[in-house]
Amino acid sequence: MAALDFEWDDDNIEHIARHHVEIDEAEAVFENSPLITRIQEGKYLAIGHTDEGRYLVVVFVRKPGRTRVITARDLNEREKKSLKRRRK
Numbered sequence: 001m002a003a004l005d006f007e008w009d010d011d012n013i014e015h016i017a018r019h020h021v022e023i024d025e026a027e028a029v030f031e032n033s034p035l036i037t038r039i040q041e042g043k044y045l046a047i048g049h050t051d052e053g054r055y056l057v058v059v060f061v062r063k064p065g066r067t068r069v070i071t072a073r074d075l076n077e078r079e080k081k082s083l084k085r086r087r088k
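Residue numbers (the numbering used here): 1 to 88.
Some hints here could point you the wrong way.
What the hints assert, rightly or not - Lysine-lysine pairs mimicking DSSO-like chemistry, simulated, CA-CA at most 30 Å apart:
1. Lys43 - Lys81
2. Lys63 - Lys80
3. Lys43 - Lys84
4. Lys80 - Lys43
5. Lys43 - Lys63
These are computed hints drawn from the structure, not numbers from a lab. Since the structure is predicted, the reported quantities are computational estimates derived from the model, not experimental observations.
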């Protein structure tokens with residue numbers, strides 16, 4: 001995947017921190033072949049893992065030339081199993 005330019009500010013940094021997710025972890029999901037699904041007009045879901053193997057769901061929007069993360073959280077066990085089945 002081509003390098004993405006992420007848009008970060010206090011709001012989205014604080015929001016992902018509430019889910020114990022760091023900026024580098026959210027960005028790493030995009031570097032590790034995530035499963036991306038559109039969930040509504042202009043909003044997408046990336047499901048994947050960090051370099052350390054942590055599985056995350058990242059909700060984001062695409063802006064001209066930028067990607068803005070809305071939130072990120074750990075996958076639950078059911079979601080992990082579903083992702084692994086889809087990748088086989």
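Quiz item: Can you list which hints this structure breaks, lowest number first?
Solution: Nothing - there is no hint that the structure violates, so all of them hold.
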